[in-house]
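Engineer: Please put together the full structure from these sequences, using the hints given.
These protein sequence lines map, in sequence, to chains A and B. Note that the numbering used here numbers the first sequence so that position 110 is 190, with each residue one more than the last. Note that the numbering used here numbers the second sequence so that position 303 is 1128, with each residue one more than the last.
No wet-lab data here; the hints were simulated from the structure. Any given hint could be a false lead.
[Claimed, not checked] Derived lysine to any residue pairs resembling SDA-like cross-links, with alpha carbons at most 25 Å apart:
| no. | chain 1 | residue 1 | chain 2 | residue 2 |
| --- | --- | --- | --- | --- |
| 1 | B | Lys1172 | B | Gly996 |
| 2 | B | Lys1141 | B | Ala974 |
| 3 | A | Lys118 | B | Asn884 |
| 4 | A | Lys139 | B | Asp929 |
| 5 | A | Lys144 | B | His981 |
| 6 | B | Lys1215 | B | Val1010 |
Listed here are the chains, written in short residue letters.
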Amino acid sequence: MLARAIPGCEGLEQTGPDEYRMKMKMALASLSGAFEGKVKITDSNPPSSFRLLVEGSSKIGFVKGEGLLTLTASGENTDISYEGDAQIGGTMAAIGQRLIDGTSKMMIKKFFEKLTAESAS
Amino acid sequence: MATTIIQTEKLVGKRIRRREDPRLITGTATYVDDIQMPGMHHAAIVRSPHAAAKIRSINIKAAAEAPGVVAVFTGKDTEKVGPVPCGASLPGLRVPHHYILAIDRVYLVGHPVAVVVATDRYLARDAADLVEVEWEVLPAVADPEKAIAPGAPPVHPQWPDNVAFVYHQEGGDVDKAFAEAEVVVKQRITSQRLIPSAMETRGVLAEWRGADRQMTLYTSTQIPHLVRTLVSGMLGLEENRMRVIAPEVGGGFGSKLNVYSEEALMGFVSMKIGKPVKWIESRRENFLCTIHGRGHVDYFEVAAKKDGTILGIKLKLIQDQGAYHQLLGPAIPTLSVLMMPGLYRTKNVRAEIVGVFTNCTPTDAYRGAGRPEATHGIERMVDILADELKMDPAEIRLKNFVHNEEFPFPTATGLTYDSGDYAAPLQKAMGIVDYKKLLAEQAEARKQGKLMGIGICTYGEICGFGPSPATPAGGWECGTVRVEPSGKVTVLTGSCHHGQGEETTFAQIAADELGVDIDDILVLRGDTAIVPYGIGTFGSRATAIGGTALYFALQDLKVKIKKFGAVLLGSPDVSFANGQVTCNKMGKSVSFKEVAAASYRAMKLPPNTEPGLVSTHFWEPPNFTFGFGAHIAVTEIDPETGQITVRRYLAVDDCGNIINPLLVDGQVHGGVAQGMGQALWEQGVYDDNGQLITGEYTDYAMPRAHMMPWIQSEHTITPSPVNPLGVKGVGEAGTIGASPSLVNSVVDALSHLGVRHIDMPMTPEKIWKLVAGGKN
Chain A
81 MLARAIPGCE GLEQTGPDEY RMKMKMALAS LSGAFEGKVK ITDSNPPSSF
131 RLLVEGSSKI GFVKGEGLLT LTASGENTDI SYEGDAQIGG TMAAIGQRLI
181 DGTSKMMIKK FFEKLTAESA S
Chain B
826 MATTIIQTEK LVGKRIRRRE DPRLITGTAT YVDDIQMPGM HHAAIVRSPH
876 AAAKIRSINI KAAAEAPGVV AVFTGKDTEK VGPVPCGASL PGLRVPHHYI
926 LAIDRVYLVG HPVAVVVATD RYLARDAADL VEVEWEVLPA VADPEKAIAP
976 GAPPVHPQWP DNVAFVYHQE GGDVDKAFAE AEVVVKQRIT SQRLIPSAME
1026 TRGVLAEWRG ADRQMTLYTS TQIPHLVRTL VSGMLGLEEN RMRVIAPEVG
1076 GGFGSKLNVY SEEALMGFVS MKIGKPVKWI ESRRENFLCT IHGRGHVDYF
1126 EVAAKKDGTI LGIKLKLIQD QGAYHQLLGP AIPTLSVLMM PGLYRTKNVR
1176 AEIVGVFTNC TPTDAYRGAG RPEATHGIER MVDILADELK MDPAEIRLKN
1226 FVHNEEFPFP TATGLTYDSG DYAAPLQKAM GIVDYKKLLA EQAEARKQGK
1276 LMGIGICTYG EICGFGPSPA TPAGGWECGT VRVEPSGKVT VLTGSCHHGQ
1326 GEETTFAQIA ADELGVDIDD ILVLRGDTAI VPYGIGTFGS RATAIGGTAL
1376 YFALQDLKVK IKKFGAVLLG SPDVSFANGQ VTCNKMGKSV SFKEVAAASY
1426 RAMKLPPNTE PGLVSTHFWE PPNFTFGFGA HIAVTEIDPE TGQITVRRYL
1476 AVDDCGNIIN PLLVDGQVHG GVAQGMGQAL WEQGVYDDNG QLITGEYTDY
1526 AMPRAHMMPW IQSEHTITPS PVNPLGVKGV GEAGTIGASP SLVNSVVDAL
1576 SHLGVRHIDM PMTPEKIWKL VAGGKN
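Structural biologist: Right, here's the structure in full:
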């Protein structure tokens, strides 16, 4: 389900408890690259929160980030909130800085939309 | 004997169009990348995406097996190549060993870690992506003030405080000056990182001919001879077996006054593969891997009397050196200190420089190299002092200038200002803009709620670098004049111009001295095999030193021409003028062309005279030259958007005698454009992790032609006593004068809102916030 929800995800493979190897395609303006990286879940506190650590690199640079996802019940629905930090480097940082914010917001939005759709089906 | 050449009109002082321009503007000039060689290979460099990291492993297998790839080298292969040199020497300077390819650790984004060599440029580039490096990412620091704060990650683990050097300079009695002061003003002033952005990026082509044991290295540089001396040393090759050629060089602004790892690396690769190999820097590489300029945080204090007399200046200068020292990096802020009193009489100065390592691109000479930063500082401080004392900025300057009768004036920082009339350009500028009328207009505009500013900068400049004891590699220059048997004249100069126009100005000088047509003269430079030696073009030195070396070579030659003329005319009583050796008594003359032919034919030699007409002169300057001037900028600000409009820009520069006013105008325009770029738009920005986030022109705001105002260039002329041409230098003057006059102008426009200082660049956002909400 996660693999289908992550935009551009081309493969997610479990490598350990709460650890995955991920392949994804990402585009940032004129740059695009195939990223390979790791996803790790820590501070798991079901059912209310967990921390997601993501690390990936490609020809166009690297991404490293972590986010705390908090799930709270709100009537029949579950509200998911997130906060986190991301670092980017390499060509992506040098030429795409202004686009990062917009692109990451768009990807997060897509992720939650997909997740919602997947959970509903 | 016929009179074949008549020329009485002098060319020096005339607006002659540049002879180099046709090939430049038609795209037919030959840059490094235009050179093709049989069997030539291409290199692509694998660089670090991290600002600080250990290299756990490098896997080159996939890259080495990629189509077209002939070799891949890493730091292990190049470990024995000598380090990228730092030519600056300061007491206690810490110099990290700068390998041409990283060994086990990288210190900045863009740090080279491997080179991939292929038969084709694009195959090399593709294969470079296949080099796998396993990194252990380390914390980085990108801000010099954060780097010297406790707990900052060390850039070089052996020096955990990140201090590259501390340098003190003091003159007079600063403590007494501050104790006696009636007023003290203080300000933190930054001069942000700038990215030099020459139109042509760097490029290197190395051709090793093993059978001859000789190498030819084509490189886009301002200093071919120094590159030969230093790069041959790095490669362990005898200096005379390396020939360095700087073909057409598309601008440098100081960024090519350097020796870079890629120059030695291409030499290394060519020796390994036995083929010519070329590397052309991409624009993205240029942002990261060619030196940056400025990078100052200055803490100024000025002590004064209530009447505006400056008593003393204190400066703490924090210089962001970047991760390494390039050729002159640590020396650049010492030039700021030399220049810190500006044109003012005060003898009491104290400066402390802290050079700081950061995980960023090294800083080094960029147009003005230390002097724009110094001038920006002192000229801002004088305006701040004027504001404090409610004095007119012009009046306070006139009050503090070195007086004309005080020359030669020894400065508090150890220089000797040899000559000048510092009030003259300011008074001329005030007259041209009608300063009083402008003040009245500004008062009226304020009543109507309009924001208008008048900014003055008066500057002094150290030009003509410089007497050898004051430079790291010798400060002289070499000029050769070779008259060919046909009478054509070839000038060889150690000045390695790269856009300054010496093919025209040096030809003007030679044409006047020899009385020949300018089209008979060819000026060659940039080839170590044909120019005896040279220091190069930087520091506003080419005309003052290279031009003077040429002048003296011409004087020697003229003596010899007269000797040959005398033999041809059969009389020792001859003179040489307008291309003719003449014996007035006999009423006969012989042409320059005939003399040239006779000197090589050598049927009859004058006593103690060798055949041929060749003369070389190495000229050592006894002092720097000291240009000065006054710039006035009139600005208007749109309070709704924070947009600054430069309504008028006037530069009155005193660069001594002028060889070609057209070229001087061009230098001033270009210089002002770069100073204006710093004042209004440009800024190299790193994030906290040492990633350069202004790595392309979408994010780095280079000025465009349409953003430039009309720039009026005027002059006063005080000939330099240091050289017989009376010239000083003007290549950097515009940059030095522009940023303070513009910032002073914008601060003046906002002064009634309580604004006293604005750090550059003065972006609309910054200005809008000040207009909307108060102080900086």
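Engineer: If a hint holds in the structure, say so; if it doesn't, say that too.
Structural biologist: Going through the hints against the structure:
Of the pairs offered as hints, the one joining lysine 1172 (chain B) and glycine 996 (chain B) holds, with about 6 Å between alpha carbons and a cut-off of 25 Å not exceeded. A C-alpha spacing of about 15 Å is found between lysine 1141 (chain B) and alanine 974 (chain B), which places the hinted pair at or below 25 Å, so the restraint holds. Proposed proximity of lysine 118 (chain A) and asparagine 884 (chain B) is supported: the alpha carbons are some 20 Å apart, at most 25 Å. Only pairs whose Cα atoms come within 25 Å are accepted, and lysine 139 (chain A) paired with aspartate 929 (chain B) is accepted, the gap being roughly 21 Å.
Restraint check: the Cα-Cα separation between lysine 144 (chain A) and histidine 981 (chain B) comes to about 24 Å, which is no more than 25 Å; the hinted pair holds. With a C-alpha separation of about 13 Å, the suggested pair lysine 1215 (chain B) and valine 1010 (chain B) falls inside the 25 Å cut-off, and the hint holds.
Of the hints listed earlier, there is not a single one the structure fails to meet.
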